[in-house]
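Residues per chain are reported as follows:
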Amino acid sequence: MKNSREIGTWEAKKGLAQMLKGGVIMDVVTPEHALIAQEAGAVAVMALERVPADIRLQGGVARMSDPDMIRSIQEQVNIPVMAKCRIGHFVEAQILEAMKIDFIDESEVLTPADEKNHVNKHDFSIPFVCGATNLGEALRRIGEGAAMIRTKGEAGTGNVVEAVTHARAVLGAIRILKVTPPEELMTIAKEMGAPYDLVRYVHENGCLPVVNFAAGGLATPADAALMMQLGMDGVFVGSGIFKSGNPEKRARAIVEAVSRFDSPEVLAEVSSNLGEAMVGINISTLADEERMARRGW
Amino acid sequence: MPAVGVLALQGGVAEHISILTKLGCVVKEIRTPAGLKHISALILPGGESTTLISLMNRWELIRPLRAMGEEGFPIFGTCAGAVLLSKEINEKEHEVNQDSLQLADVRAVRNFFGRQTSSFVEELTVAGLAEPFTGVFIRAPLLLPLSDEVEVLSRVKDGPVLVRQGNLWLSSFHPELTSDSRIHMLFLESHGILKGSG
Chain A
617 MKNSREIGTW EAKKGLAQML KGGVIMDVVT PEHALIAQEA GAVAVMALER
667 VPADIRLQGG VARMSDPDMI RSIQEQVNIP VMAKCRIGHF VEAQILEAMK
717 IDFIDESEVL TPADEKNHVN KHDFSIPFVC GATNLGEALR RIGEGAAMIR
767 TKGEAGTGNV VEAVTHARAV LGAIRILKVT PPEELMTIAK EMGAPYDLVR
817 YVHENGCLPV VNFAAGGLAT PADAALMMQL GMDGVFVGSG IFKSGNPEKR
867 ARAIVEAVSR FDSPEVLAEV SSNLGEAMVG INISTLADEE RMARRGW
Chain B
1480 MPAVGVLALQ GGVAEHISIL TKLGCVVKEI RTPAGLKHIS ALILPGGEST
1530 TLISLMNRWE LIRPLRAMGE EGFPIFGTCA GAVLLSKEIN EKEHEVNQDS
1580 LQLADVRAVR NFFGRQTSSF VEELTVAGLA EPFTGVFIRA PLLLPLSDEV
1630 EVLSRVKDGP VLVRQGNLWL SSFHPELTSD SRIHMLFLES HGILKGSG
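These protein sequence lines are chains A and B, in that order.
617 is the number of the first residue of the first sequence in the working numbering; add one for each residue after it.
1480 is the number of the first residue of the second sequence in the working numbering; add one for each residue after it.
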């Protein structure tokens, strides 16, 4: 047999994201959390030192987590482990790659390291997920090599409103692009600040070339099902699980809700008796500099 | 022609549907035991096997699926789907205490090739196909036969990656992640669901 094995190809990077579809990715800060998440049916965990709600509360510069902490989670579970690097901090990304993390989230939840540029994600053999608030931003990230997109929402608020806004912005723009005459695509690319070939891809295929998840403020099974019914491929739940009264039960309920998002009867059943949800924050009470979704360029 | 079912709880569902549709099949997404009626074959897609088994348990799909598999119903599992069909599951780095449908005499070694950094694409020689097939392997398992009834249809240098035991087909890689429908076609034709069109 000829040996033609190719590692870290675009198909392999994008393909892992495709296998996460219809699933829930959960933020975890300890190996114990990671195990709870895995047992509840999470498709992957995001290993980090503080969930976004605590990053908000404690302030200061938020950086990549201690590799030792990430490693303790890698050792605990056999589902994929993701970790965050700061926007533009390609050395944090190199460290995460050296640790054989399965997916890097170049995340606005951490304090940006570069106010103009994101990481050149083509340089890496492992896949990246990046946040986006609109289609232009999503396509810029894919142009830089992101193998998965998620809405930014407003992390750590327990308020789904921004995730809905961003999902509608991205999906609505895709719907419009689908019926746009081809001669208008270049001007649209210019106005969106997005690569022309990707604008054309969306026009021709009616979807992003990569998987598109919801994130940022989801706290209940109904929130998760709402994002799925809007047309997202899966969900991230950050502070919503381990900042709630009964994380184990809520985690499981959100997984079940995502798998049967179109059945209100099932949603009613899984939403019952989950204990207290995390305390939410009204977005209008946040000062501009407190809004993480504004980070990223 | 009765529909081909695709288990639609989590994972690469749309990709299988797209290939099956291209082959001219009517496709039905399966989420409940009632959905298993009136289908001629079933695909268990890739995804996260721990998630899939937990959801199959929750929606009471394990018993009916096991019964169908035992009665000779054609089932094709890709990657996580293949893990779910296997009688034994283990892993190199972690202990695995995972339930499955326990149908095929196969030991699935989960994440055999390592983490995502080792995911790869390789040209495969497949029994029954004249030209090579591009295998996309993502955190893939290796599929070790436990009995002579298991026929190896394709292997890489590390071991078998496409095997068949009668009505059960298992692949380590993701034929649904390419636009190549030949392996789906082999599976469906061998069970008379799709006639060879030549």
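No lab work stands behind these hints, which were simulated from the structure alone.
We put the CB at the ideal spot given by N, CA and C, even for glycine.
Treat the hints with care, as some may be off.
What the hints assert, rightly or not - Here are the simulated distance ranges between beta carbons: (1) T1604(B) x W913(A): 19 to 29 Å; (2) L673(A) x R1586(B): 44 to 54 Å; (3) S1497(B) x S620(A): 17 to 27 Å; (4) V795(A) x G1503(B): 22 to 32 Å; (5) S620(A) x D1627(B): 22 to 32 Å; (6) V895(A) x G1645(B): 33 to 43 Å; (7) V895(A) x T1604(B): 53 to 63 Å; (8) N1569(B) x I623(A): 43 to 53 Å; (9) R1586(B) x M802(A): 26 to 36 Å; (10) G1503(B) x G759(A): 44 to 54 Å; (11) K716(A) x V1505(B): 38 to 48 Å; (12) G1645(B) x P797(A): 49 to 59 Å.
What the hints assert, rightly or not - Not everything, but these chain B residues come out facing chain A in the computed CB check (under 7 Å): (13) G1491; (14) A1513; (15) G1514; (16) G1525; (17) Q1595; (18) S1598; (19) E1601.
As the list claims (entries may be wrong) - Heads up, simulated DSSO-like pairs for lysine-lysine below, C-alpha to C-alpha not over 27 Å straight-line: (20) K794(A) x K630(A); (21) K1571(B) x K716(A); (22) K794(A) x K1501(B); (23) K1674(B) x K1501(B); (24) K1516(B) x K630(A); (25) K1674(B) x K1507(B); (26) K1516(B) x K1636(B); (27) K865(A) x K716(A); (28) K794(A) x K732(A); (29) K1636(B) x K630(A); (30) K1501(B) x K716(A); (31) K1571(B) x K630(A); (32) K1571(B) x K1507(B); (33) K1507(B) x K630(A); (34) K1501(B) x K1566(B); (35) K1516(B) x K1571(B); (36) K794(A) x K806(A); (37) K716(A) x K630(A); (38) K1501(B) x K1516(B).
Verification of the hints:
For the pair T1604(B) and W913(A), the beta carbons lie near 47 Å from each other, so the given range of 19 to 29 Å is not met. Distance hint check for L673(A) and R1586(B): the Cβ-Cβ separation is about 48 Å, which falls inside the suggested range of 44 to 54 Å. The hinted range of 17 to 27 Å is satisfied by S1497(B) and S620(A), whose Cβ atoms lie roughly 25 Å apart. For the pair V795(A) and G1503(B), the supplied restraint of 22 to 32 Å holds, since their beta-carbon distance comes to about 28 Å.
Restraint check, S620(A) to D1627(B): a C-beta distance of roughly 30 Å satisfies the suggested window 22 to 32 Å. Checking the proposed 33 to 43 Å range against V895(A) and G1645(B) shows it is violated: the Cβ atoms sit about 56 Å from each other. Roughly 58 Å separates the CB atoms of V895(A) and T1604(B), a value that falls within the hinted 53 to 63 Å. Remark: the range hint 43 to 53 Å for N1569(B) to I623(A) is contradicted by a beta-carbon distance near 24 Å.
The hint said 26 to 36 Å for the Cβ distance between R1586(B) and M802(A), and at roughly 55 Å that hint is violated. Checked against the hint of 44 to 54 Å, the pair G1503(B) and G759(A) fails, with Cβ atoms roughly 36 Å apart. Between K716(A) and V1505(B), the C-beta spacing of about 42 Å keeps the proposed range 38 to 48 Å intact. Here the CB-CB span from G1645(B) to P797(A) is close to 53 Å, well matched to the stated 49 to 59 Å.
Interface hint status for G1491(B): upheld, as the beta-carbon distance to the closest one in chain A is roughly 5 Å, under 7 Å. Given the 7 Å rule on beta carbons, the hint for A1513(B) is violated: about 12 Å separates it from the nearest Cβ of chain A. Taking 7 Å as the C-beta cut-off, the interface hint given for G1514(B) is violated, the closest approach to chain A being about 12 Å. Hint status for G1525(B): holds, given a least beta-carbon distance of 5 Å to chain A, under 7 Å.
Look at Q1595(B): its Cβ gets to within about 4 Å of chain A, closer than 7 Å, so that hint holds up. A distance limit of 7 Å between C-beta atoms decides the matter here; for S1598(B) the minimum to chain A is near 4 Å, and the interface restraint holds. Restraint check, E1601(B) versus chain A: the minimum CB separation of about 5 Å is within 7 Å; hint holds. Between K794(A) and K630(A) the alpha-carbon distance is near 22 Å, which keeps this suggested pair within the 27 Å criterion.
Distance check on the hinted pair: K1571(B) and K716(A) sit about 16 Å apart at the alpha-carbon level, within 27 Å; holds. Between K794(A) and K1501(B), the direct Cα distance comes to roughly 22 Å. Compliance with the 27 Å bound is thereby established for this hinted pair. At roughly 14 Å between alpha-carbon atoms, K1674(B) and K1501(B) fall within 27 Å of each other, so this suggested pair holds. Under the criterion of a C-alpha separation no larger than 27 Å, the hint pairing K1516(B) with K630(A) is inconsistent with the structure, at around 34 Å.
This hinted pair checks out: K1674(B) and K1507(B) have alpha carbons roughly 20 Å apart, not beyond 27 Å. With a CA separation close to 40 Å, the supplied pair K1516(B) and K1636(B) exceeds the 27 Å bound. With a C-alpha separation of about 30 Å, the suggested pair K865(A) and K716(A) falls outside the 27 Å cut-off, and the hint is violated. Distance check on the hinted pair: K794(A) and K732(A) sit about 30 Å apart at the alpha-carbon level, beyond 27 Å; violated.
A hinted pair counts as satisfied when its Cα atoms are at most 27 Å apart, and K1636(B) with K630(A) qualifies at roughly 25 Å. Distance check on the hinted pair: K1501(B) and K716(A) sit about 37 Å apart at the alpha-carbon level, beyond 27 Å; violated. For the given pair, K1571(B) sits about 25 Å from K630(A) by alpha-carbon distance, which is consistent with the 27 Å threshold. At roughly 36 Å between alpha-carbon atoms, K1571(B) and K1507(B) are farther apart than 27 Å, so this suggested pair is violated.
Only pairs whose Cα atoms come within 27 Å are accepted, and K1507(B) paired with K630(A) is accepted, the gap being roughly 25 Å. Between K1501(B) and K1566(B) the CA atoms are separated by roughly 32 Å; this puts the pair beyond 27 Å, and the hint is violated. Note on K1516(B) and K1571(B): the hinted pairing is violated, with a Cα-Cα distance of about 38 Å set against a maximum of 27 Å. For the given pair, K794(A) sits about 17 Å from K806(A) by alpha-carbon distance, which is consistent with the 27 Å threshold.
Taking the CA atoms of K716(A) and K630(A), the gap is about 17 Å. The hint holds against a cut of 27 Å. Using a Cα cut-off of 27 Å, the hinted pair K1501(B) and K1516(B) holds, with the two alpha carbons roughly 23 Å apart.
The earlier numbered hints that this structure contradicts are 1, 6, 8, 9, 10, 14, 15, 24, 26, 27, 28, 30, 32, 34, 35.
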